[in-house]
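First to last, the protein sequences are chains A and B. Residue 316 is where the first sequence starts when you use the numbering used here, and the numbers rise one by one after that. Residue 42 is where the second sequence starts when you use the numbering used here, and the numbers rise one by one after that.
Hint data in this document are derived by calculation from the structure and do not stem from the laboratory. Here a beta-carbon is modelled for each residue, glycine too, at the ideal position from N, C-alpha and C. A few of these clues could be false.
Simulated DEER-style distance windows between Cβ atoms [stated by the list, open to error]:
(1) Asp385/A - Cys138/B: 47 to 53 Å
(2) Ala599/A - Gly66/B: 49 to 55 Å
(3) Ala447/A - Leu45/B: 56 to 62 Å
(4) Arg47/B - Lys524/A: 24 to 30 Å
(5) Cys138/B - Lys553/A: 45 to 51 Å
(6) Glu126/B - Ala377/A: 24 to 30 Å
(7) Gly139/B - Pro652/A: 19 to 25 Å
(8) Arg513/A - Glu172/B: 23 to 29 Å
(9) Ala618/A - Tyr129/B: 32 to 38 Å
(10) Tyr129/B - Leu653/A: 30 to 36 Å
(11) Cys138/B - Ala607/A: 54 to 60 Å
(12) Ala377/A - Pro65/B: 43 to 49 Å
(13) Ser526/A - Ala61/B: 27 to 33 Å
(14) Val473/A - Ala88/B: 18 to 24 Å
Here are some, though not all, of the chain A residues that point toward chain B, as calculated from beta-carbon distances under 10 Å [said to hold, decoys possible]:
(15) Ser456
(16) Gly457
(17) Arg476
(18) Asp480
(19) Ala481
(20) Asp487
(21) Ala489
(22) Tyr541
In silico contact screen, one side only, chain A against chain B (beta carbon under 7 Å); selected entries [claimed, not checked]:
(23) Gly458
(24) Asp479
(25) Glu484
(26) Lys488
(27) Lys535
(28) Thr536
(29) Leu539
(30) Asn540
(31) Asn543
Each chain, letter by letter, is given below.
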Amino acid sequence: MKDGHLLTLAMETSCDETAAAVLRDGRTALSNVVSSQIDVHRAFGGVVPEIASRCHLERINAVADRALADAGIGFGDVDLIGVTQGPGLVGALLIGLATAKAYALALGKPIVGVHHIKAHICAAYIEHASLAPPFLALVVSGGHTDLVRVSGYNAYTVLGRTRDDAAGEAFDKAARALGLPYPGGPAIDDAAQNGDARAVAFKRALLEKDSLDFSFSGVKTGVLNYLNTERQAGRAVKVADVAASFRESVVEVLVAKTLRAAEMHGETQVVMAGGVAANSRLRAAMDEACRAKGLRLYRPSPALCTDNAAMVGTAAYFKYAEEGADDLDLDAFPNLPL
Amino acid sequence: MERLLRNENETEALGLALAAKARPGTVIALIGDLGTGKTTLTKALAAGLGIAERVTSPTFAIIKEYAGGRLPLYHFDAYRLGGAEEMYALGFEEYFCGDGVTVVEWANLVEELLPEDAIVVELAYGQSADERLVRMKGACDASAAL
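For reference, chain A alone in the conformation it holds in the complex (with noise of 0.2 Å):
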């Protein structure tokens, strides 16, 4: 506690970011540190468990201590413990969650353990003060692709979600399959700049006329088809156009579905939340198709969208307020359901 506010120091490590921050009153960040692990999983062309849970484990306590230097303020200041508890990768969540009990049982302080999916969509009350619910939320991250409503702070349903592959997993290997580094998200953003993105007519499975669910593996394997049909004919492949071509399929299914649901469920505030809605293609898109439609968007920068314990303390100050700690034998899960 600081001049009367609540000081939380949160924690997530479910995939390949080591990160720490400190919020006051759970909407305020007054440090976000994030140490990336990106450049040690490119060599594999994706994150490798070990490798990720030995480099949490070398992280961790360094990258906490900064966030709270960063914040300018020390063990004794904080009031909470906030945590991601699930899902992603069960060696690398139990670091955050082992060191997060370790201070919570050294400080005396209480713990509360976070969904990492509920948390993304936390990340949109950070810069947006008068934010509130109910509103439409689109998860889309190398794992998920989530259209979820959330009716209050601790309050979600989920409307639709990915059939086979998640919006990030078809970057990730549409880009491999092009010859494009990991992550595939930037590297296909780099490489559409230039690109037509009409230039080849990749599928949109929007599925059936009711439906809330995606599917972007047809698209994944018409990029493959694509590419085999044009080398089998020995024709060269012009990579802007194709990265273009399957950015803008992928791109204008989440915003048609993102709409669908919104005229559904009669929501009129719409925000995005995960690494993918950093891809400044979907952002453009989905800023124009909500202006059209009169729906209030909510973009979080993108430092916020990609994995990062400031919106883990967020999500875990809602928690806290409304249902209180957790106890200190709170586990890791890795397919924990939202």
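Here the structure of chain A is known, so what remains is to put chain B in place on it, guided by the hints.
The following block gives chain B in isolation, referenced to the frame of chain A:
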């Protein structure tokens, strides 16, 4: 044993046939490039086991478990793993020797860890966009699924 799968429905039929043959401890190794139908086959196999839950790509999570069917299903994906050592560290042996069916996508990346009696299913692109070639090795009564 090699066969042509003319479309996605035939890939699903193969998954259902494998489900019918599966016993506790069955390990199915799936090998094939991106988009050749590994997850499609696994979805059908899960349905054949009577699993109601939606089976999605395990690439991000690396391991997904499904209960509620005739046998539990353990769905691995070695795509993002650095090799057999990583798989070993995930405790794969407990799954392989367990009471359920284990499916390993990108099994070629962790080949040395697969049990000798694993059913190996190789999928490759065919002539047309819909066609796939499948080659199966392993338990002979499983090959009858073709």
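Hint-by-hint comparison with the structure:
The beta-carbon spacing between Asp385/A and Cys138/B, approximately 48 Å, falls within the hinted interval of 47 to 53 Å. Between Ala599/A and Gly66/B the beta carbon distance is about 52 Å. The supplied range of 49 to 55 Å therefore holds. At roughly 57 Å, the beta carbons of Ala447/A and Leu45/B sit within the given window of 56 to 62 Å. Here the CB-CB span from Arg47/B to Lys524/A is close to 29 Å, well matched to the stated 24 to 30 Å.
Taking the beta carbon of each, Cys138/B and Lys553/A are about 49 Å apart, inside 45 to 51 Å as hinted. Range check, Glu126/B to Ala377/A: about 27 Å between beta-carbon atoms, so the 24 to 30 Å window is met. Taking 19 to 25 Å as the suggested C-beta distance range, the pair Gly139/B and Pro652/A conforms, at roughly 23 Å. A C-beta distance of roughly 28 Å is found between Arg513/A and Glu172/B, which places it inside the suggested range of 23 to 29 Å.
At roughly 36 Å, the beta carbons of Ala618/A and Tyr129/B sit within the given window of 32 to 38 Å. Look at Tyr129/B against Leu653/A: about 32 Å separates their beta carbons, and that is inside 30 to 36 Å. A C-beta distance of roughly 57 Å is found between Cys138/B and Ala607/A, which places it inside the suggested range of 54 to 60 Å. With their beta carbons about 46 Å apart, Ala377/A and Pro65/B fall inside the hinted range of 43 to 49 Å.
Between Ser526/A and Ala61/B the CB atoms are about 30 Å apart, so this pair conforms to the stated range of 27 to 33 Å. Distance hint check: the CB atoms of Val473/A and Ala88/B are about 21 Å apart, consistent with the given range 18 to 24 Å. A cut of 10 Å between beta carbons decides the hint on Ser456/A: the least distance to chain B is about 8 Å, and the hint holds. The beta carbon of Gly457/A is positioned within 10 Å of a beta carbon in chain B (closest approach about 5 Å), and the interface hint is therefore held.
For Arg476/A, the interface hint holds, the least distance from its beta-carbon to any beta-carbon of chain B being 8 Å, beneath 10 Å. Contact between Asp480/A and chain B, as hinted, is supported at the beta carbon level, the nearest pair being about 5 Å apart and thus within 10 Å. Interface hint status for Ala481/A: upheld, as the beta-carbon distance to the closest one in chain B is roughly 6 Å, under 10 Å. The interface hint given for Asp487/A is met, as the beta carbon of that residue sits about 8 Å from the closest beta carbon of chain B, less than 10 Å.
Annotation: interface hint on Ala489/A holds; nearest CB of chain B at approximately 9 Å, less than 10 Å. Evaluation of the Tyr541/A hint against chain B yields a held restraint, the C-beta minimum of about 9 Å falling below 10 Å. Hint status for Gly458/A relative to chain B: holds, with the closest Cβ pair at about 3 Å, below 7 Å. At its closest, the beta carbon of Asp479/A sits 6 Å from a beta carbon of chain B; the interface hint therefore holds under the 7 Å criterion.
With a least beta-carbon distance of about 5 Å to chain B, the hint placing Glu484/A at the interface is held under the 7 Å criterion. Against a cut-off of 7 Å between C-beta atoms, the interface hint on Lys488/A holds, since the closest Cβ of chain B lies about 5 Å away. Interface restraint check: Lys535/A against chain B, minimum CB-CB distance 6 Å, threshold 7 Å, status holds. This hint holds: Thr536/A has a C-beta 4 Å from the nearest C-beta of chain B, less than the 7 Å allowed.
Residue-level restraint check for Leu539/A holds (minimum Cβ-Cβ distance to chain B is 4 Å; threshold 7 Å). Evaluation of the Asn540/A hint against chain B yields a held restraint, the C-beta minimum of about 4 Å falling below 7 Å. Taken as an interface hint, Asn543/A checks out: its beta carbon lies about 6 Å from the nearest beta carbon of chain B, inside 7 Å.
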